[in-house]
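Participant: As a plain string of letters, each chain reads:
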Amino acid sequence: MTQMESPAVPSMWRGRKRKTVRMVNGRRSLFSRLLIAASGLLLACLILFAIAPQWFAPYSPTEMNTSAILQAPGESYWLGTDYFGRDIFSLIVFGSRDALLVGISAVLLGGSIGALIGATAGYAGRMLDSLLMRLIDTLMTIPGILLALTISAVLGPSKFNLIIAVSVSSIPGFARVLRGQVLAIKSRPFIEAARANGTSHFSILFRHIAPHALSPFLIMGTMGVGSAILMGSGLSFLGLGSISEIPDWGSLLSQGRSYISVAWWIATFPGLAITLLVVSVNLLGDELQAAVGPRKGSTKGGDSK
Amino acid sequence: MKRSFIKWKMLVVMTIGLTVILSGCSAGNTTSSTDKPTTSEAANASKENGGELTFALAGSPNTLDVGLTSSDIEFRIGRNIFDSLVGELPDHTIKPWLAQSWEISPDQKSYTFKLRQDVTFHDGTPFNAAAVKANFDRSADPKGQSVYAKQLLGPYESSEVIDEFTVKVNFKEAFTPFLSNAAKSTLGIQSPESFKKYGDKVGQNPVGTGPFKFVSWAPNAEIVLEKNAGYNWPSPAAEHSGPAYLDKLVLKLISEEATRVSSLQSGQVLAAESIPAQNVVALSKDSRYQVQQVLLPGGTFALTFNNEKAPWSDVHLRKAVQSAIDVDSIVNSLYLGTFPRAWSALSPSTLGYDSSLENGYKVDVEKANQLLEEAGWKVGADSIREKDGKPLTLNYIDLTGNREKREDIIKMVQQQLKAIGVKMNISITAAGPYVDALKSGGYDLAGLSFAGGDPDILRTLFSKANWSTNEFANSNFARFYDPEIEKLLKDAYQEADQEKRIGIYKELQQYFVQNAVTIPMYVYPYTVASSKNVSGIAFDFPGYPVFYDAAISN
Chain A
1 MTQMESPAVP SMWRGRKRKT VRMVNGRRSL FSRLLIAASG LLLACLILFA IAPQWFAPYS
61 PTEMNTSAIL QAPGESYWLG TDYFGRDIFS LIVFGSRDAL LVGISAVLLG GSIGALIGAT
121 AGYAGRMLDS LLMRLIDTLM TIPGILLALT ISAVLGPSKF NLIIAVSVSS IPGFARVLRG
181 QVLAIKSRPF IEAARANGTS HFSILFRHIA PHALSPFLIM GTMGVGSAIL MGSGLSFLGL
241 GSISEIPDWG SLLSQGRSYI SVAWWIATFP GLAITLLVVS VNLLGDELQA AVGPRKGSTK
301 GGDSK
Chain B
1 MKRSFIKWKM LVVMTIGLTV ILSGCSAGNT TSSTDKPTTS EAANASKENG GELTFALAGS
61 PNTLDVGLTS SDIEFRIGRN IFDSLVGELP DHTIKPWLAQ SWEISPDQKS YTFKLRQDVT
121 FHDGTPFNAA AVKANFDRSA DPKGQSVYAK QLLGPYESSE VIDEFTVKVN FKEAFTPFLS
181 NAAKSTLGIQ SPESFKKYGD KVGQNPVGTG PFKFVSWAPN AEIVLEKNAG YNWPSPAAEH
241 SGPAYLDKLV LKLISEEATR VSSLQSGQVL AAESIPAQNV VALSKDSRYQ VQQVLLPGGT
301 FALTFNNEKA PWSDVHLRKA VQSAIDVDSI VNSLYLGTFP RAWSALSPST LGYDSSLENG
361 YKVDVEKANQ LLEEAGWKVG ADSIREKDGK PLTLNYIDLT GNREKREDII KMVQQQLKAI
421 GVKMNISITA AGPYVDALKS GGYDLAGLSF AGGDPDILRT LFSKANWSTN EFANSNFARF
481 YDPEIEKLLK DAYQEADQEK RIGIYKELQQ YFVQNAVTIP MYVYPYTVAS SKNVSGIAFD
541 FPGYPVFYDA AISN
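Residue numbers (full-length UniProt numbering), protein chains in the order written: chain A, 1 to 305; chain B, 1 to 554.
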């Protein structure tokens with residue numbers, strides 16, 4: 001069963017040599033620690049924004065001050081105003097809720113479904129495994145963004161549909177990783193022992209295997225939030241997001257696009273917000289992986305407990 | 001290692017080469033746009049030089065068969081390939097073009113045209129009475145595929161060839177808009193020979209009598225036209241005689257507006273149409289470019305109530321919305337002063353436009369609130385008005401795409417209506433659900449504009465005959481019907497006396513505003529931005545670009 005070891009290490013961290021950048025003589029460099037701290041701070045800020053935007057935004061996000069349209073960033077409007085006369089900073093603050101909501105719920109939904117499919121396939125093996133994994137393979141042949149685009153185009157623009165579209169496109173990745181994890185753990189002696197004890201399949205899967213597969217799932221989930229936010233913003237950029245009174249970052253970006261030569265700030269700041277959020281989530285995900293993830297291609301993280 | 005070095009070297013060499021080529025190109029273009037003479041005399045002197053004009057069109061046509069299609073872009077191109085029987089000047093007078101003169105029968109039902117005798121089609125066949133008959137019969141054929149031309153021919157009955165150069169066009173009833181309609185490129189005359197020769201493919205092989213001949217068409221890329229050297233029958237609006245100045249007209253098909261603007265700025269095209277407001281402002285300030293705008297005649301863009309559906313069937317409620325919407329601030333913010341605000345269902349460039357409607361009402365939130373109170377709608381939870389436990393909602397439908405920033409308009413309206421306790425639900429969908437909503441009449445408000453030359457467009461917009469049914473969507477989005485108004489709409493298109501006709505149209509326009517049947521928002525200006533060395537791009541009456549007088553100075 002040695003060939004089963006390799007899928008146990010998700011491709012996303014296999015072969016990454018990024019640690020050499022962060023590790024100087026085995027110690028983490030100051031720069032990398034600062035970077036992590038900054039990411040954490042930024043994410044904390046955005047979470048606060050998302051929870052209580054009205055505490056931080058100087059203006060209402062729907063207030064259209066038609067006597068102050070297309071104002072450059074300045075004292076009264078820190079990041080300028082758009083062509084409705086809305087304050088860009090307030091819009092970003094209020095938009096953070098949608099960005100995080102889409103990112104997190106898409107991963108929770110897609111991740112759980114994917115994990116369930118992958119774990120079932122890996123544990124059951126044989127026919128069910130082949131069947132489920134071929135299904136996943138089929139989904140995988142379609143690029144994630146294309147899949148999400150098709151789904152949300154069919155379902156129509158709304159926040160809920162956007163979340164569904166993004167989650168469906170993240171299912172295959174989770175399914176494959178979890179299947180690999182389960183396959184690797186399944187062949188361990190302690191599982192055999194549990195089976196010999198007469199423990200039910202359900203119990204083995206959820207009480208014995210699941211805890212060991214949790215950490216890669218968490219890491220992948222964290223990283224997934226970043227890409228889900230990116231994909232969600234991409235879809236709403238294309239007009240497939242929610243049409244609420246408070247626009248999300250993707251639609252702000254799209255609105256500002258045609259004004260880029262006249263008022264660069266409309267598109268630039270929401271774009272920057274998306275970039276910074278995705279980068280910080282990914283950096284924190286990296287950090288989480290370094291802390292709890294399997295090291296150097298081994299699956300040691302699993303059986304030490 | 002060595003191989004990669006060679007690769008590098010090649011890359012460097014190629015980059016340098018490419019840079020030289022590119023800079024060569026752009027240098028050439030900069031000179032052509034900055035070294036231009038600023039005076040029109042200088043432009044005149046070099047007009048005979050001809051040259052090639054590249055023009056960026058907003059979109060991609062499906063056919064150039066103007067007799068069958070209904071799409072504006074196709075009529076814009078067609079205008080330069082096909083000539084019409086008559087021409088309409090901006091003051092709405094009708095002048096001879098391919099017809100030298102005409103007579104209208106006393107019962108207003110027949111038009112007898114005397115045609116020019118020196119006109120030939122691009123394929124060499126002569127233009128004559130039979131050609132006119134062939135075109136009109138084809139477009140008016142009830143079983144034919146014509147969309148817009150059929151409408152423009154109205155109650156068409158037949159055409160009779162009296163002699164080689166005399167044709168009589170008969171209608172079933174008086175139809176005053178006919179001469180104005182005949183001036184449009186939609187009723188431009190195509191070669192009957194080309195119908196036979198190309199059959200269904202005539203839209204890809206247009207043959208007319210116009211100043212430019214069709215050369216080639218690369219789908220979604222460009223359409224090339226060349227000068228018709230034997231041309232000597234220009235439209236009454238033309239400024240010179242003989243063939244066009246340009247040797248070649250290359251129409252680049254660029255749907256994306258930002259790309260169109262940057263193609264102009266980078267010198268890939270010399271002129272471009274449909275320029276977004278923010279770029280119009282920037283380009284007008286730039287000394288290297290000029291911007292031309294024409295207000296399209298016909299219907300303005302209006303927020304159109306579903307006048308049939310409660311509660312908005314109540315005129316007081318509609319008037320409350322009319323008083324609450326600050327049209328000026330919306331139009332000025334979104335179009336930065338490039339689109340005029342509309343006051344009537346008709347555009348100012350249309351015959352019979354009632355300018356007395358301008359500034360006829362003001363934003364008055366207090367009055368709006370009062371009207372709603374009186375109608376029994378009281379402020380309830382979340383400051384939304386209620387009556388009998390039902391909230392006061394206004395459901396708006398539109399297509400996705402934010403055409404002419406209409407989605408942005410409605411977002412601003414939504415905020416303004418919140419102030420009077422009206423909750424606006426916006427549903428921006430793809431064509432399928434949108435058309436379904438139109439068919440079933442399940443909306444309260446919809447955005448609608450309908451360009452057209454003649455004020456008879458009001459019949460398109462408000463006649464019962466044009467209501468949507470459950471089978472298909474039609475043009476009376478207002479689902480408006482009033483027997484008296486219906487009669488006026490009919491009288492107006494049959495009235496031969498222009499003064500009386502204008503009088504009826506003014507009455508109608510007043511009615512539609514007073515009863516807040518629709519809320520006119522903006523008048524659409526067709527814009528062309530061009531490099532300063534391009535001169536003479538003109539516009540025919542419905543507002544299509546005409547390149548006959550266009551010239552490029554060096």
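Treat the hints as calculated values from the structure; they're not laboratory data. Check each hint, because a few of them may be wrong.
When the alpha-carbon atoms are kept at most 30 Å apart in a straight line, the in silico BS3-like pairs for lysine-lysine are as follows [unchecked claim]:
(1) B:K168 - A:K159
(2) A:K159 - B:K362
(3) B:K150 - A:K159
(4) B:K168 - B:K150
Which chain A residues stay away from chain B? Per the calculated CB distances, all over 10 Å, these [said to hold, decoys possible]:
(5) I47
(6) I51
(7) T120
(8) L149
(9) I151
(10) R195
(11) S215
(12) T222
(13) Q255
(14) R257
(15) Y259
(16) L283
(17) L284
For each residue, glycine too, the CB sits at the ideal point set by N, CA and C.
Participant: Run every hint past the structure and note whether it holds.
Facilitator: The hints, checked one at a time:
no. : hint            : verdict
1   : B:K168 - A:K159 : violated, 61 Å
2   : A:K159 - B:K362 : violated, 38 Å
3   : B:K150 - A:K159 : violated, 44 Å
4   : B:K168 - B:K150 : holds, 18 Å
5   : I47             : holds, 27 Å
6   : I51             : holds, 22 Å
7   : T120            : holds, 37 Å
8   : L149            : holds, 13 Å
9   : I151            : holds, 14 Å
10  : R195            : holds, 53 Å
11  : S215            : holds, 41 Å
12  : T222            : holds, 34 Å
13  : Q255            : violated, 8 Å
14  : R257            : violated, 7 Å
15  : Y259            : violated, 5 Å
16  : L283            : holds, 32 Å
17  : L284            : holds, 35 Å
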